[in-house]
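Each protein sequence line maps, in turn, to chains A and B.
According to this note's numbering, the first sequence is numbered sequentially starting from 566.
According to this note's numbering, the second sequence is numbered sequentially starting from 566.
The set of hints was computed from the structure by calculation and includes no laboratory data.
Hints should not be assumed to be uniformly reliable.
[Claimed, not checked] The following label-pair restraints were derived from C-beta to C-beta distances: (1) Gly852(A) x Arg809(B): 36 to 46 Å; (2) Gln656(B) x Leu629(A): 45 to 55 Å; (3) Arg601(A) x Leu687(B): 23 to 33 Å; (4) His783(A) x Gly659(B): 56 to 66 Å; (5) Leu879(A) x Arg584(B): 55 to 65 Å; (6) Ala732(A) x Glu595(B): 32 to 42 Å; (7) Ala676(A) x Gly730(B): 20 to 30 Å; (8) Glu701(A) x Pro594(B): 24 to 34 Å; (9) Leu853(B) x Met566(A): 57 to 67 Å; (10) Pro858(B) x Arg778(A): 55 to 65 Å.
None of the values given here were measured: they were computed from a predicted structure.
Beta carbons are placed, not taken as given, at the ideal position from N, Cα and C, and that holds for glycine.
Letter by letter, the chains look like this.
Protein chains: 2
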Amino acid sequence: MRLVGADDVTAAERRITGRVVRTPLLPCPELGDALRLDLWVKAENLQRTGSFKARGALNALLALVEREGPPAGLTAFSAGNHAMAVAWAGQVFGLPTVVCMPPHAVPTKIAAVRRYGGEVVLTDDLLGTCEALAAERGFYLLPPFDDPDVIAGQATVGREILADGPAPELVVVPVGGGGLISGVAAAVRAAAPTARIVGVEPVTANAVGHALRTGEAHLPVRPRSMADGLAAPFAGRHTLAHVRELVDDVVEVSEEAIGASWWELLDATKLLVEPAAAVGLAALRAGLVEVTPGARTVLVLSGGNTSPAALTALG
Amino acid sequence: MRLVGADDVTAAERRITGRVVRTPLLPCPELGDALRLDLWVKAENLQRTGSFKARGALNALLALVEREGPPAGLTAFSAGNHAMAVAWAGQVFGLPTVVCMPPHAVPTKIAAVRRYGGEVVLTDDLLGTCEALAAERGFYLLPPFDDPDVIAGQATVGREILADGPAPELVVVPVGGGGLISGVAAAVRAAAPTARIVGVEPVTANAVGHALRTGEAHLPVRPRSMADGLAAPFAGRHTLAHVRELVDDVVEVSEEAIGASWWELLDATKLLVEPAAAVGLAALRAGLVEVTPGARTVLVLSGGNTSPAALTALG
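Build the full structure now, drawing on both the sequences and the hints.
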């Protein structure tokens, strides 16, 4: 399978620059001292729609428009960040968007999709409903992660990390279906062949790790984690190929560790992130990531779609 | 009195660039829609030492070194952000630093000064102790706000706002002793003569507004506010001159309004700020700032030295 290459990432940069936030790479000297690392965070919680998903969704839509012209509309299935990103991308281009969400989706995320002008269909048959919309109305079914254009969009996170300073020696990335780490690895590996790239999943939502160990893409039980953004029930074909080729290790962290790191990140970085974004720090804290003292290290903070009330509940 | 000019700001930029964080100017589309403004925030809570104070302290030290060579050490009086900024500036240059803090200073801020290598003297005679150190040991007493080099350092906030997009039509800035708004106004006014520049103080800590109304620099009673970073007991001579010449209005907000906006900023921007940084949103919310619908508006978020625990207590 062909992996996302430098030209794909450059094309994605050209398409989405100016429409997404050029998120900052921020130094974390105090936290870094405690971990004996030259620690930085890439703040994708400050991205449009509150997560990196805006990059991949917008790039996939714009690449489609270049190839085939605009679709009649957009559709997608997601309980959260991807749903918001697709609704936003549709709004940017004035396309009707129908997002299929499970009946148990969080009300605030349903409201966010509607705020971006998306129509919400609550259904247990997520894929079937989306496929019917695609077949009957010519809507483009925008995939959540397992797509070269989506991966190339997420890869712009890696390009920006490289543009903002010396090449990192260690990059730690949250892993759900694997779209973000596939993109970041494609961008970073090309420029920094010796960089260590490590993915982190919740123990209880480990589709990619499971697939790497067993060869089976689908998890045997439904994943559940406070890091709900990482609860993909399966790993993608494209994303697995990228992880196998470009990523050094994928490790797993406990729910307790995620909660503690979530709180610590807010205190240390002044950034409100969603629990999914805290898995990287949790893995470093737990000693699960092989590190060289003083290494220039980047933690990708994947999103911020949570609320102060959720934090208060934890505190 | 000569105000800080373009050359002073350019010199400050040259001195401190690369040593301070180039903080992001972030769009706030949802909050902006609610206020009918094209709203952006300048995230100085992500600055080194957690506030804009790092800019002014470092510029004042470097300007002194250019003029006279390095001092024997640094000293300053402050209960909070300026104390941390001076200790940090001293650490950057390997200078001994003694910070005088009041006995009631917050333990976490005392600890932060020590983490930056500063020695802390707890005393009620803040100015006298600092002056003795300056006289006896040749330490440089770095002023908290009423100094042209400090103001020029804070002005780099304004320069960065101008560099990151079209000139703002409205800039809203928290006001304590007036250093930040003096600098921001000096930078913004030069490039955007018609921009509206508004300062915001707590009703209960309104040294600048009091001085503008009465001509009396000192407040009659000791200021107290949850926005402790703004509780300056007096306005400066330099800062008052800048505010009189360059600022359109200074308004005052209640403690209740500050608390509500503090919480809302975290929810809407994903940024943990200190209450002082929330006064601008509070003023917009209360209708205290004259606005043109759709105006490109920048809220300066002055700092982030607070804790998730403080937020939890409010929630």
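Quick rundown of the hints versus the structure:
1. Range check, glycine 852(A) to arginine 809(B): Cβ separation about 58 Å, and the 36 to 46 Å hint is violated.
2. A C-beta distance of roughly 52 Å is found between glutamine 656(B) and leucine 629(A), which places it inside the suggested range of 45 to 55 Å.
3. At about 32 Å, the CB distance of arginine 601(A) to leucine 687(B) agrees with the hint of 23 to 33 Å.
4. Separation of histidine 783(A) from glycine 659(B) is about 58 Å and conforms to the stated range, judged on CB atoms against 56 to 66 Å.
5. Remark: the range hint 55 to 65 Å for leucine 879(A) to arginine 584(B) is contradicted by a beta-carbon distance near 35 Å.
6. Against the hinted window of 32 to 42 Å, the Cβ-Cβ separation of alanine 732(A) and glutamate 595(B) comes to about 35 Å, which satisfies the hint.
7. Taking the beta carbon of each, alanine 676(A) and glycine 730(B) are about 29 Å apart, inside 20 to 30 Å as hinted.
8. A C-beta distance of roughly 32 Å is found between glutamate 701(A) and proline 594(B), which places it inside the suggested range of 24 to 34 Å.
9. Against the hinted window of 57 to 67 Å, the Cβ-Cβ separation of leucine 853(B) and methionine 566(A) comes to about 59 Å, which satisfies the hint.
10. Checked against the hint of 55 to 65 Å, the pair proline 858(B) and arginine 778(A) passes, with Cβ atoms roughly 57 Å apart.
The structure fails hints 1, 5 (numbered hints given earlier, in ascending order).
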